[in-house]
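Here are the chains, one letter per residue:
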Amino acid sequence: MQSANFGERLNPEDRESLQKKASDDIQEKIIEAILFCCALISIFTTFGIIAIIFQVTFEFFQKVSFAQFFLDTKWTPLFAERHFGIWPLINGTILTTAIAMLVAVPLGLCSAIYLSEYASPKLAAILRPAVELLAGVPTVVYGYFALLFVTPVLRLFLPLEIFNALSAGLMMGIMISPTVGSISLDAIQSVPRSLREGAYAIGVTKLETIFKVVLPAALSGIAASIILGISRAVGETMTVLIAAGQEPRISLNPFQSVETMTAYMAQISGGDSPRGSVNYNTLYAVGAVLFLMTLALNIVSYWISNRFKEKYD
Amino acid sequence: MATSSPQNEFQEPRGEFTPNVEKREKLGKIFELIFLIGLCIGLVVLAVLVFDVLKDGLGRLITPGFLSETPSRFADKGGIRPAIFGSILLGILVMLIAVPIGVGAALYLEEYAPKTWWTNIIEINISNLAGVPSIVYGLLGLGVFNYLLGFGPALLSGALTLSLLSLPVIIVTAREAIRAVPSSLREASYGLGTTKWQTLWNHVLPYAIPGILTGVIISVSRAIGDAASLIVVGAVSFLTFNPGLFQRFMALPIQIYTYITRPEPGFANAASASIIVLLFLILVLNGTAIYLRQRFSIYK
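Going down the list, the sequences are from chains A and B. FYI, my numbering numbers position 137 of the first sequence as 137, with every residue one higher than the one before it. FYI, my numbering numbers position 33 of the second sequence as 33, with every residue one higher than the one before it.
Be aware that one or more of the hints could be misleading.
Stated by the list, open to error - Looking from chain B toward chain A, a few residues come up when the C-beta cut is under 10 Å (computed): (1) LEU36; (2) GLY38; (3) ILE92; (4) LEU93; (5) MET95; (6) ASN125; (7) GLY225; (8) LEU245; (9) GLU264; (10) VAL284; (11) ASN286.
What the hints assert, rightly or not - Covered stretches of chain A (in silico footprint by chain B; criterion: 3 or more residues with CB under 8 Å from a CB of chain B, positions within the stretch not fixed): (12) 80-91; (13) 125-138; (14) 229-242; (15) 245-259; (16) 274-287.
Said to hold, decoys possible - Which chain A residues stay away from chain B? Per the calculated CB distances, all over 10 Å, these: (17) PHE58; (18) LEU158; (19) SER190.
Quick caveat, the hints were computed from the structure, so don't treat them as lab data. Backbone N, C-alpha and C define an ideal beta-carbon position, used for all residues, glycine too.
Please put together the full structure from these sequences, using the hints given.
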């Protein structure tokens, strides 16, 4: 472009296109703007979720007082005598989530430790995708299995109701274990080899190295994975809707039927509640509590994994 | 962490040190077995689940008309054609809507975005969106697509809701794939005088396609299997025609849920048969992904 000779030999159009700077190209600018809009859609999604949930929840609280929502212990919005106490639903969510985590944390950690510390690379390459298949099965399938296989089997030796928190929680735990497992696995694998070798050098066995060196070093990642797992269990719908039933109650008995927040939301949605009715409003009020709970859990998980990340250099 | 006796012996100054290696190694072997069992429990459950579903559903699946007829009030009659059509249409629409937007957003964040506070906000926001439960996306879809934009409980509302649900995963995996493209490739392209977009379109994207495809398939299979958001948006449980874009619709997970909730005995088998179809659909999707990934891996 600098050389006059070179420029003169070209025909005028080519010369013009060569002298143009890429950053001046209007087409490039348009493309960048389009891509920017794509990235903005994620912001609009969040904004949309917050706006729509809180707008309808606001309508709800004009009809039902805060005290009725947070201090009552009965949830019967569909009965003649209406009660709007959220606690039975929160109770159901906490109970099923707790059972799920009792399954998901040990299973997830066991598979993470085995894949990282014991399995040969070849075996791990087969086992890891196999374990992660569990996360790819649609949740409605877990609900089916919990209701029609796990519950009948458990009823052989436990006094279970047909719908119960136990089998729903168990299947939810199986479903979530790969989430806990794969994030923990990443954390465990990022513990540098030198730390393990240092432990071996002072005569510590492999198991002791795992418990005293590797796991403490990976603790922030493991904690983040567990909190993320809790958040997934709290938001899970189909398994609990199908297998845990629709009876809101305050009880920690896993053999009984309970109703979670998500199950109520699905139940009320199926019933075609007209917009503006109290039922339609309860859907969003419960949704607001659910959204805030999962948001808080996700933020804590994000914060832990960034704040307490061990750095080895 | 669990305290084990060997270290306590280390810490006691007066106790005579006994390495006790045999016992400690034996404990190690026991725990290795425990870890392996923990890993296998999930796989065993998955195997039992698949076996149970096949056992209950295969008989119903091969009854004539199950794949080609509309649902019936009777457990052993009718089929799930509208649900299959609905799910396939939803999957195609999600790909058409979410993939361009997701890859576009990933390209912007990786290649264009300046390191400023609002880029940071977009990033945190995307990782947060990935953790929002699908039923909450349903609330968004119901409020925005059904009522605000007036589509009503139509297939389009469902597809748009599922697209938003899939976006975060597509963006995150596409970004990883784009980040993994070596910068020498970009520099070589710039060295030939190409513009930024020409470089991205002709060199970076083709190189990143296998990774992007993986994310697309993961999120689209999740969208196809999702029922919670569609229940809220208003999928119906009984449909006698193939759903169109602006009509009421149903999908396989909704069909399965409906069958499960029917108390009459035969419906459980119909549910299993529908599950086989859904799992088969997801398997085909993933198989296609693996094939395309190999086909598109032109660079090594």
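Checked hints:
no.: 1; hint: LEU36; verdict: 5 Å, holds
no.: 2; hint: GLY38; verdict: 2 Å, holds
no.: 3; hint: ILE92; verdict: 18 Å, violated
no.: 4; hint: LEU93; verdict: 16 Å, violated
no.: 5; hint: MET95; verdict: 15 Å, violated
no.: 6; hint: ASN125; verdict: 5 Å, holds
no.: 7; hint: GLY225; verdict: 3 Å, holds
no.: 8; hint: LEU245; verdict: 21 Å, violated
no.: 9; hint: GLU264; verdict: 14 Å, violated
no.: 10; hint: VAL284; verdict: 13 Å, violated
no.: 11; hint: ASN286; verdict: 8 Å, holds
no.: 12; hint: 80-91; verdict: violated (count 0)
no.: 13; hint: 125-138; verdict: holds (count 8)
no.: 14; hint: 229-242; verdict: holds (count 9)
no.: 15; hint: 245-259; verdict: violated (count 0)
no.: 16; hint: 274-287; verdict: holds (count 4)
no.: 17; hint: PHE58; verdict: 13 Å, holds
no.: 18; hint: LEU158; verdict: 18 Å, holds
no.: 19; hint: SER190; verdict: 16 Å, holds
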